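Let the sequences and hints guide you as you build the complete structure.
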Amino acid sequence: MPGLSSNSRPRTWRPGRAERTLNGRSRTPRKEVEMHLLAVGAHADDVEICAGGTLALAAARGHEVSILDLTAGELGSNGDPALRAREAAAAAAILGVARRENAGLPDGYLSPADHGQRQALVGWLRRLGPDLLIIHTARNRHPDHRAAHRLLWDAAFLAGLARFGADGPPRRPARILEMMERFPFRPSVVVDIDSVIEKKQAALRCYASQFLRGDGRAETSINHPDFLGQILARDRFYGAQAGCNYGEPFFSAQVPLVRDPGWLLSAEPFGAPGGGPA
22 MPGLSSNSRP
32 RTWRPGRAER
42 TLNGRSRTPR
52 KEVEMHLLAV
62 GAHADDVEIC
72 AGGTLALAAA
82 RGHEVSILDL
92 TAGELGSNGD
102 PALRAREAAA
112 AAAILGVARR
122 ENAGLPDGYL
132 SPADHGQRQA
142 LVGWLRRLGP
152 DLLIIHTARN
162 RHPDHRAAHR
172 LLWDAAFLAG
182 LARFGADGPP
192 RRPARILEMM
202 ERFPFRPSVV
212 VDIDSVIEKK
222 QAALRCYASQ
232 FLRGDGRAET
242 SINHPDFLGQ
252 ILARDRFYGA
262 QAGCNYGEPF
272 FSAQVPLVRD
282 PGWLLSAEPF
292 GAPGGGPA
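If you read the sequence shown in the numbering used here, its first letter stands for residue 22, the second for the next number, and so on.
Keep in mind that the hints were calculated from the coordinates and are not lab data.
Owing to the predicted nature of the structure, the values given are computational and were not obtained by experimental measurement.
In this text, a Cβ means the ideal position worked out from N, Cα and C, and glycines have one as well.
There may be inaccurate statements among the hints.
[Said to hold, decoys possible] Pairwise CB distance ranges (calculated):
#1 Q251 to P102: 21 to 31 Å
#2 H163 to A229: 13 to 23 Å
#3 S132 to A223: 15 to 25 Å
Following this line, the structure appears as structure tokens:
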């Protein structure tokens with residue numbers, strides 16, 4: 022992260038955490054600014070894998086949380102769109118998600134060059150009006166995930182153009198975060214999900230068609246018996262890097278801006294509980 026030395030740890034975000042004074046005493050937590058967080062994934066289960074804890078934490082803190090699945094997963098090796106929709110609804114309920122929608126774009130054929138797809142996503146962003154947008158990262162093995170990354174960046178910009186033809190008034194998200202998938206990156210921020218790790222795991226278990234073998238299902242990389250354990254191990258690794266037990270890493274192409282220096286203490290930017298040396 023710019024401005025930190027190579028051995029510095031990523032920032033850890035703990036919404037609602039009491040700020041600490043310089044002498045270590047706590048004072049009453051300030052009311053967090055309410056926001057609308059929208060997580061967008063190419064398929065149902067994508068955002069739960071990479072950002073489920075963050076969604077649950079934001080919802081628990083009183084923020085509005087929405088999910089937009091771009092496709093119905095009709096090309097998936099296991100399950101069918103109807104079953105996956107039921108699993109997605111169950112997972113969203115566990116995480117406290119207020120609204121979950123499906124854009125109905127073609128599975129396997131997402132393309133940032135498709136004007137119709139960009140126009141549709143501009144409409145979704147304008148209607149939903151997120152302050153914080155969580156999306157796929159560019160480095161991905163799945164072509165739909167790579168395409169979704171570019172589509173969302175393009176749509177987020179075009180959504181602010183008054184003359185771009187799509188439903189709703191022009192508006193843009195204030196910040197975009199990219200979630201880590203198979204390929205690692207140096208995080209810009211790590212979200213402390215200690216208090217909601219059980220919710221994340223419960224939400225993932227809703228996707229039996231995707232994560233469990235047997236019952237005639239095709240064997241895939243995500244229903245390997247070790248897959249969910251690997252997700253938990255990654256959360257533990259990045260949590261340890263940032264000073265908590267479980268953490269979800271995100272990348273921000275935008276330079277983080279701090280308006281209140283007190284945030285630097287409340288967020289424990291150098292990963293040491295209590296603000297002391299790591």
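Quick rundown of the hints versus the structure:
| no. | hint | verdict |
| --- | --- | --- |
| 1 | Q251 to P102: 21 to 31 Å | 27 Å, holds |
| 2 | H163 to A229: 13 to 23 Å | 21 Å, holds |
| 3 | S132 to A223: 15 to 25 Å | 34 Å, violated |
The structure does not agree with numbered hint 3 stated previously, though it agrees with all others.
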